[in-house]
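**Q** Which chain is which? The protein sequence lines are A and B, in order.
Numbers in my numbering are just positions in the first sequence, counted from 1, shifted up by 251.
Numbers in my numbering are just positions in the second sequence, counted from 1, shifted up by 995.
FYI, nobody ran anything at the bench for these hints, they're computed from the structure.
These numbers come from a predicted model, not from an experiment.
Note that the Cβ used here is the ideal one computed from N, Cα and C, for glycine as well.
Heads up, some of the hints might be wrong.
A few chain A residues facing chain B, derived, Cβ under 8 Å [what the hints assert, rightly or not]:
1. 315
2. 331
3. 335
4. 337
5. 342
6. 403
7. 406
8. 407
9. 412
10. 520
11. 542
Sample of chain A residues lacking proximity to chain B, with all beta carbon distances greater than 10 Å (derived) [as the list claims (entries may be wrong)]:
12. 320
13. 328
14. 333
15. 389
Computed list of lysine-lysine pairs in DSS-like fashion (alpha-carbon distance at most 27 Å, straight line) [stated by the list, open to error]:
16. B:1362 x A:525
17. B:1362 x B:1072
18. A:525 x A:449
19. A:430 x B:1227
20. A:430 x B:1205
21. A:430 x B:1548
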Amino acid sequence: MTSSMILAETTAEQIEERGKKPKRGERGPGKKSFTPFFLILPFLILSFVFAYLPLFGWVYSLYDYKPALGLSGSEFVGLQWFRLLVSSPTQLAQIGQVLVNTLAISFLGIATSILPLGFAVLLNEIRAKWFKNAVQTLTTLPNFISWVLVYMIAFSLFSTSGLVNDILMDGGLITAPIKFLDTDQHVWLTMTLWSVWKGLGWGAIIYLAAISGIDPSLYESARMDGAGRWQTIRYITIPQLMPTYLVLLLLSVANILNNGMEQYYVFQNAFNQKYIQVLDLYVYNIGMTGNSLSMATAIGMLKSLISVALLLTVNWIAKRVRGESLV
Amino acid sequence: MKLTRTTAAFAVAAVVTAGALASCSSGGGSEETPTSATGSETGAFPTSWDEEITIDVFAGLANYMGMQQGWFAKIVKDKFNMNLNIIAPNVAGGGDTLYNTRVAAGELGDLIVTDKGQKLDELIQGGLVGDMSEYYPLMENVGQFDTAMDNLNAESGGVYAFPTSVSHLMPTDASEGLNPTFGPFIRWDYYAEQGYPSLDTLEDLLPVLKQMQEDHPTGDNGQPTYGFSLFKDWDGNMMVTAKQPACFYGYDEIGFVLAKADGSDYQSILDSDSEYVRSLRLYFDANQMGLVDPESTTQNYDTLYSKFQNGQVLFAWWPWLAQTAYNTEDNMAAGKGFEIAPVDDMEVFSYGAEAYGGKQVFAIGSKAEDPERIAAFVDWLYSPEGAYANSAQTLGSAGPQGLTWDINDAGEPELTEFGNEVFLGGGATTPEEWGGGDYLDGVSALNTISVLPIDVDPNTGFPYSYTFWPSYQEATATPLSEDWSANMGDATSTMDYLSTNDKLLVAPGASFTIPTDSSEVETLRNQIKAIVIQYSWQMVFASDEAQFESLLKELQDTANGLGYEKVLETDMANAEMQNDARVAVTAAFQ
């Protein structure tokens, strides 16, 4: 959402600039045409409605919001929720753990974002068309399965009476069922693996598209020069895919705090709670499950604050390194 | 919300499955007035309604979402020309999400079943429920319970809500009927095999259960048996299954406090020597002995229930779980089934009949299009006809006269052939003139008791619940119940055994409503209870004693760090207020 908004805005700005220049020359600085303004108006409205209007919701964090009474009927409590958040070391430790989980899972996600690229490259090398299509369809399919169903699959495979444990037990390899799901071991890793399984094929699509866009003459001349398969992959395909990869990487860094909640919501239980609670899930658990909507808003604001801080940092680095800033 | 819902579910289910115990003599009188039970006098309410309407019912306890079906729908349609569209937050899931969104939109429903106390107060304050003062004089059936009505509406000054689970019983009478809500129920047939070993205290059950498991490693379906099978669906302030053993000793929860029914003791659940930690330790020991079902952590209530049906579980906290699931006609005839274990030092907690009604209320939405008709419908729920029909979801009351039961030649109520099929034969298809469909699909989806099934129908002189009828009890004596009775001093029912042996502690039904938490306490409470539940589960499945202790320590530290003291202070004060209310109601009704 956010990234597409940014794209839309950028495009709008470009359009605006293109439109302005000749007119400025014609009519002079005093007279401006409204046409360019109307052109960008839809995008302004969109970004206002979806990016700025919701910020009004922050006001809920200053109230003790009770849905039945409405905002006007609820008590104004000022910064009570924020004070509560920092009131004790245990509270801070809770939020600290949540942030660590969020960042850890996000970084693992970013680290594995190279996998779809590799997968696309390898897939591209398959010559049997039917096999390639079959593999691509089968790997893309999980993307369309909801997390609830993924959990169903996980449950029937990995619960204490699931398929895997049954096979291991029947085979005499273990005597007591292994707790795959209700354990606090390797939570970040297993969560990352599940999302890789779900997203691998889907993530590869964009690279496959990029591969088909690579100029065939590059391959032809390389082959004439005697390059083999590995060499064309290494010296042509991968370098050609890098720009796409970097753009996607940049976008995923921007989404570092948005690792969603559905996956963790369905997988959470008393045993893995400590490591699986990411920011979005924590906000949900406090607000919806715990029914403390105002407190949840206060915690939710934290996300925006951290995002802004991250953006400013990246901006500062970009300024230093490239001499131009992003914002 | 969740807590009250489950507690109510306990109460409902307990009342209702009382009948699973068979060889019990009747508690009802034998007054003979075999008049028609359709004597619902709707007073000055119109007797027929021209325009058909459909109302939205926000039913806080319903387990079914959609249009009311079957025979109950037919009765309501015939009487009020009205269809009930049931909106069930339990089905929708997500805690209070559905409630909050509907409330924020300004319209909860035309008819509302919700909790009294904070929720009701906010609905009144927010103008979401209507004042029915205009119609109340016409509501003769509700009018019979004016003590409860006055108490409920005293604060608001209008007629905004109608009490549930009302009765003519004394607050010091157990509300539960033949079976208590809680109790250590074990597989009696396996216990008999071991020669009825004596049980001084709850922990003595462990070796007995272990022996049972060794003698019978698999259930009726060939799957392994376990002493304890736990589930997490109803975890609220704490791990629900770990609270239950505290109830065997007369305690019930109020926030993070375990309060004894007679006001003699209040415990913080997190104290190392609390009944709650004792239960956790019990399960931990059981788990070390291989007595705890490893699927406990992931299964839900439905799975657990089917395990009971298959005889895979040897112990239960509730008769309405174990006996409903396993004490079928066939099993009991074969001498198999669950009965209460004679634990020497137990003092089972029992809910007294709520003098001023249960935790839920009926209320009518302020934007309801035809409040008069809905008021007439609510009033009908409190009539004998309504009581028979409405409280039937969990098979408590007998259902409509003429369908499931009728007056026999002796002038006593008796289940019809159809009724026998429904209640003893596992269900039946309703005749077309009663709306058709499966009988169980046609029961009132409100799942909210208007009049307690244990209350006596003035027309028959017997309770609304068929399990009290002599005809039913004669028909259902079994080898299991006879063996149990013979070993329990010829007790006629679990309740009879408990009260005769001084093992019952009735908490007077003061209809106490817990005061609203301050917003800060509420938030802290919600954070802490998540931690309590999380650690409790980990403790039960701890790998050794040392880990158990260190987890307990960690739990205490984390909870204290989050502000447990502050919440506990509130709960202690509430517990004492609750006790004052109990003392007061006992005095008031003496």
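**Q** So, against the hints stated earlier in the document, which numbers end up violated here?
**A** 4, 6, 8, 12, 13, 16
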